[in-house]
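Listed in order, the protein sequences are those of chains A and B.
For what it's worth, this note's numbering labels the leading residue of the first sequence as 1, then goes sequentially.
For what it's worth, this note's numbering labels the leading residue of the second sequence as 1, then goes sequentially.
Simulated from the structure, these hints should not be mistaken for laboratory data.
The structure displayed is predicted, hence computed values, not measured ones.
Glycine included, every Cβ here is placed at the ideal spot set by N, Cα and C.
A couple of the hints might just be wrong.
[As the list claims (entries may be wrong)] Quick look at which bits of chain B chain A covers, simulated, 3 or more residues with Cβ under 8 Å:
hint, stretch
1, 29–42
2, 49–55
3, 65–71
4, 92–104
[As the list claims (entries may be wrong)] Using 30 Å as the maximum straight-line C-alpha spacing, the simulated BS3-like pairs for lysine-lysine come out as follows:
hint, chain 1, residue 1, chain 2, residue 2
5, A, LYS147, A, LYS161
6, B, LYS162, A, LYS53
7, A, LYS310, A, LYS351
8, A, LYS106, B, LYS162
The chain contents come next:
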Amino acid sequence: MKRLLRLWLLLVFIFICLTVLAAQPLPSATLSDKPLSQRWLDYNIDARVNPQKHTIDATQVLTWHNFTGKPQDTFPFHLYLNAFQPKSTFIRESHLYNPDFKWKQKYYGSDEVKSLEVLGVGDLTSHIKFISPDDGNADDRTVFQVKLPKPIPAGGQVQFKIVFHDQLPEVLARTGYKRDFIMGAQWFPKLGVWWQGAWNCHQFHRTTEFFAEFGTFEVKLTLPQNEVVGASGVEVSSVNNPDGTKTVSFYGEDIHDFAWTAEPEYRVVTGTFQGSMGAVKIRMLVQPGHMSSAPRYMQVLKGTLDRFDKWYGPYPYKQITLVDPPHGALQAGGMEYPTLFTADTTWWMPKGLLFPELVSEHEFGHQYWYGMVATNEFEDAWMDEGINSYTEVKIMDSLYGRDTSILNMLGARMGESDYQRLSYDSVAEDDPMARFAWQYMDGSSYGGTTYGKTATVLLTLEKVIGEQTVQRALHTYFMRYRFTHPTQEDFLKTVEEVSGKDLRWYYDQAVFGTQVMDYEILGVRSERADWYEKNRPKAKKRETLYHSTVLVHRKGDFIFPVDVQVKFDNGETATEHWDGRDRWVRYQYDKKARLVSAELDPEHQVWLDKDFFNNSYTRKSNQAPHHKLAAYWTVISQFCAQILAWLV
Amino acid sequence: MDKGFLSDGFSRVWRHQRILWWLFVVNLVLGHLSIFAMVSRWAGVLDHSLAADQLYHGFNLGRYIELGMQPGMGFGTASPAIAAFAIVFFVFMLFVTGGILEAYRSPYKISTADFFQASGTWFWRFVRLLIMFVIVLIPVAFAASAIKNWSGDLSDNAAPEKMGFWVDVIGAVVIWFIAMCLRLWFDVAQVHAVATGERAMRRALKRAFSMVFGNFGTVFPLYLVPSLLSLVGMGVILLIWTKLPTAATGVSFVVLELGMLLWLGTRLWQRAGETAWYQRTQVPAPAETVVPPIASLPGEPESGFATGA
Numbered sequence: 001m002k003r004l005l006r007l008w009l010l011l012v013f014i015f016i017c018l019t020v021l022a023a024q025p026l027p028s029a030t031l032s033d034k035p036l037s038q039r040w041l042d043y044n045i046d047a048r049v050n051p052q053k054h055t056i057d058a059t060q061v062l063t064w065h066n067f068t069g070k071p072q073d074t075f076p077f078h079l080y081l082n083a084f085q086p087k088s089t090f091i092r093e094s095h096l097y098n099p100d101f102k103w104k105q106k107y108y109g110s111d112e113v114k115s116l117e118v119l120g121v122g123d124l125t126s127h128i129k130f131i132s133p134d135d136g137n138a139d140d141r142t143v144f145q146v147k148l149p150k151p152i153p154a155g156g157q158v159q160f161k162i163v164f165h166d167q168l169p170e171v172l173a174r175t176g177y178k179r180d181f182i183m184g185a186q187w188f189p190k191l192g193v194w195w196q197g198a199w200n201c202h203q204f205h206r207t208t209e210f211f212a213e214f215g216t217f218e219v220k221l222t223l224p225q226n227e228v229v230g231a232s233g234v235e236v237s238s239v240n241n242p243d244g245t246k247t248v249s250f251y252g253e254d255i256h257d258f259a260w261t262a263e264p265e266y267r268v269v270t271g272t273f274q275g276s277m278g279a280v281k282i283r284m285l286v287q288p289g290h291m292s293s294a295p296r297y298m299q300v301l302k303g304t305l306d307r308f309d310k311w312y313g314p315y316p317y318k319q320i321t322l323v324d325p326p327h328g329a330l331q332a333g334g335m336e337y338p339t340l341f342t343a344d345t346t347w348w349m350p351k352g353l354l355f356p357e358l359v360s361e362h363e364f365g366h367q368y369w370y371g372m373v374a375t376n377e378f379e380d381a382w383m384d385e386g387i388n389s390y391t392e393v394k395i396m397d398s399l400y401g402r403d404t405s406i407l408n409m410l411g412a413r414m415g416e417s418d419y420q421r422l423s424y425d426s427v428a429e430d431d432p433m434a435r436f437a438w439q440y441m442d443g444s445s446y447g448g449t450t451y452g453k454t455a456t457v458l459l460t461l462e463k464v465i466g467e468q469t470v471q472r473a474l475h476t477y478f479m480r481y482r483f484t485h486p487t488q489e490d491f492l493k494t495v496e497e498v499s500g501k502d503l504r505w506y507y508d509q510a511v512f513g514t515q516v517m518d519y520e521i522l523g524v525r526s527e528r529a530d531w532y533e534k535n536r537p538k539a540k541k542r543e544t545l546y547h548s549t550v551l552v553h554r555k556g557d558f559i560f561p562v563d564v565q566v567k568f569d570n571g572e573t574a575t576e577h578w579d580g581r582d583r584w585v586r587y588q589y590d591k592k593a594r595l596v597s598a599e600l601d602p603e604h605q606v607w608l609d610k611d612f613f614n615n616s617y618t619r620k621s622n623q624a625p626h627h628k629l630a631a632y633w634t635v636i637s638q639f640c641a642q643i644l645a646w647l648v
Numbered sequence: 001m002d003k004g005f006l007s008d009g010f011s012r013v014w015r016h017q018r019i020l021w022w023l024f025v026v027n028l029v030l031g032h033l034s035i036f037a038m039v040s041r042w043a044g045v046l047d048h049s050l051a052a053d054q055l056y057h058g059f060n061l062g063r064y065i066e067l068g069m070q071p072g073m074g075f076g077t078a079s080p081a082i083a084a085f086a087i088v089f090f091v092f093m094l095f096v097t098g099g100i101l102e103a104y105r106s107p108y109k110i111s112t113a114d115f116f117q118a119s120g121t122w123f124w125r126f127v128r129l130l131i132m133f134v135i136v137l138i139p140v141a142f143a144a145s146a147i148k149n150w151s152g153d154l155s156d157n158a159a160p161e162k163m164g165f166w167v168d169v170i171g172a173v174v175i176w177f178i179a180m181c182l183r184l185w186f187d188v189a190q191v192h193a194v195a196t197g198e199r200a201m202r203r204a205l206k207r208a209f210s211m212v213f214g215n216f217g218t219v220f221p222l223y224l225v226p227s228l229l230s231l232v233g234m235g236v237i238l239l240i241w242t243k244l245p246t247a248a249t250g251v252s253f254v255v256l257e258l259g260m261l262l263w264l265g266t267r268l269w270q271r272a273g274e275t276a277w278y279q280r281t282q283v284p285a286p287a288e289t290v291v292p293p294i295a296s297l298p299g300e301p302e303s304g305f306a307t308g309a
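Chain A on its own, in the form it takes in the complex (with noise of 0.2 Å):
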């Protein structure tokens, strides 16, 4: 009788050991112990994934919070793998940005809803509608809303159970499979954002990413044994089923996408950053032929997460993953989901050439421009790439050096600064930068403006308010935006609060505008005062006297105040200031020295200026830079007509 107590005892403490797990909290994702953000949505997903078909069959429940303050009615949702079908609007506006583009077979991908049903009112697979807001195009089908028949209440909530079918495409922009890679990203029917009083749920175009709202993320994700498997979040568990299956389950908190990777191969790298909320845990999946570049990710991701830190604020989530993706599926890297982002490099990338880095620290960033501060980047595109590209070159510069932060090798160098301002260059006159993302002139317009010319834009606000208050404007705006959607107009409004200055006249030609900056110094002369007398005496140093001019223009539509430094051969230097309003101005010097050189913007920081050369301008000429090039030049020129020569 003992023993049957006994055992009766172990049992019911069994079950209640059980009962008590089962009933435990999923580990939080961060650093935090409280939410970080409005939770509006959980998601609840159960995908089951056939690597060898490319498919994904999955059930979501979704569960949306209503803190819109009224009822709601209608839902719209994203489902953003039909884009890769030859009539959506992505691939029309791919075939005509680039001609060139071939549309295959294999790029075909899609995400099908077999039903959506909302518990407690029943299925409404029948009242799915796709809807496409942003061209008309009735063959788009990467949007879709559903009209429930009975509002949700303000504050209430309502649940969406949908079982979906995808069909992964060969990777063409950013998600898909390659061989036996797979990037499972915009994977999932996803709610469009309730945002400015309206919901937000734009249709997938070639230049837009994406917008999404914050909440929490389980998903279980079933697929072969033998894959390795990163993803959002932090892994909660992983269990091997019968079938020669495995189920990883995943956990995301405060954040706004899911993203997920497999393959056989991957080689797992880890590291830990001690940041000022905690240890964030560093995961990289890298190929194995690219391991030596691994050492490279874990510096630069290091050195990121550091100058984030110290800079703007901190990373509160408990891991990063940072994704390799294998040759052939380029198009798979250099892209940001919440604390996961893919990389980019290749078996062969020299020590000199710093693209691994630039691709890491410029998707890291992303954690904050986009993952935190979540900005709408189907409408403000430059908000989170351009803010992102600033935050760049700040980031490479202090880590690998202002001239040297790209390009270090064979004596050549580039940094990062000119490489943002070089594809600003481009297409300075296209489009300003507050311009929703799809009406770009075209697809270089959209680069070079959202990522170039908003880095270029920053960069020279320093000369405005100062470095450092434009670091601590970033600072300011990141945490007081952080887990919200800020508008542009939040982003403006700070760092004029912080900077104490109004800089409407600023905002107006660089971010409304498309003015372009060239100021250029049109001439220097430097003559004798008594340049009238025949018989002069010979000059002598520090006692003729000379009548210099110099002659500054501004050629350009853009207005800003410039220096313009003057030197002369006796070691005098002359700092002058023009507002730049008017068209031109001259400047007269009486001096016993001859003027030697004339510079704008002489601590080169007006990066907007788009003709660096025309910026200076010495008296006497120098003609060793020409002859340099005319030397490599005359080279090349010459080994063309020898190659020629050879088939003679």
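Please arrange chain B on chain A, whose structure you already have, making use of the hints.
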């Protein structure tokens, strides 16, 4: 391989080094002329600009790209001139090839007039030979393009990451080998034509084919060794160049010009070696030299046998 042919060829190049120097000067002058207009435009931008210093002390690629992005300054604007002057050099080389071969096969130092007379004599025949060479090269070009496409496809799609690269490398070596064989064949056809006074180029080609591929083990190294030496030499020169101070324009230019000289010299060495081999191993039908000898340099070694007068 009989090393004597190579050393004999080298000595012929050395003996007739005036040819090398002239070709080098023509190449240099044409090269300079081809970029003259572009450099003049650059001078207008750079000569009074402090920013130009970033191209002189060190090499700021950003500044260089910025220069090229200026209206009328694009590097593409120089391409037509470079192509035009390359064609001029090409035609010049086509013209003087007859003279060069005549000089290398002659035990005597030929006069300038004779050199150009031989050049003129063989010009149109070598034009015909060139057309045939281009026709023969067309399938090779197609093969090279196919290999390039294949390797590109493998680079993207094959599971082993380096497979595309290795296909590219092996393909390049194979194409290079085929191109060398073809060039050697046509080189020997030219040598044969000059030596025998052959007017029918197809016949010369036919004869050269059996000569080259009947003695491939002996004659191929005459082309291969100078080629390899030129590549290795160019590699060394480029390595030295990378070690030079970036502002040492003069020294850099001289070093790179040595590379150009080496490239030209090894090409002439191939021709001279082929001529030496031809003269010492093939028995050509008696032919009249286009150029009668005008003088024999005292003490000059007479390698090979002289044909003609």
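We went through each hint and held it up to the structure:
Coverage of the stretch 29–42 of chain B by chain A holds in this model, with 8 residues showing a Cβ closer than 8 Å to a Cβ of that chain against a need of three. Note: the stretch 49–55 of chain B has 6 residues with beta-carbon separation from chain A under 8 Å; the three-residue rule is met and the coverage holds. Three residues within the 8 Å Cβ limit are the bar, and the stretch 65–71 of chain B against chain A gives 5, so the coverage statement holds. Proximity of the stretch 92–104 of chain B to chain A, defined as three or more residues with a beta carbon under 8 Å from a beta carbon of that chain, is established by the 3 residues found.
As the CA atoms of LYS147 (chain A) and LYS161 (chain A) are separated by approximately 15 Å, the hinted pair is consistent with the 30 Å bound. Using a Cα cut-off of 30 Å, the hinted pair LYS162 (chain B) and LYS53 (chain A) holds, with the two alpha carbons roughly 26 Å apart. A distance of roughly 27 Å separates the Cα atoms of LYS310 (chain A) and LYS351 (chain A); the hinted pair therefore holds under the 30 Å criterion. At most 30 Å may separate the alpha-carbon atoms for a hinted pair to count; LYS106 (chain A) and LYS162 (chain B) meet this at roughly 23 Å.
Checked against the numbered hints above, the structure violates none of them.
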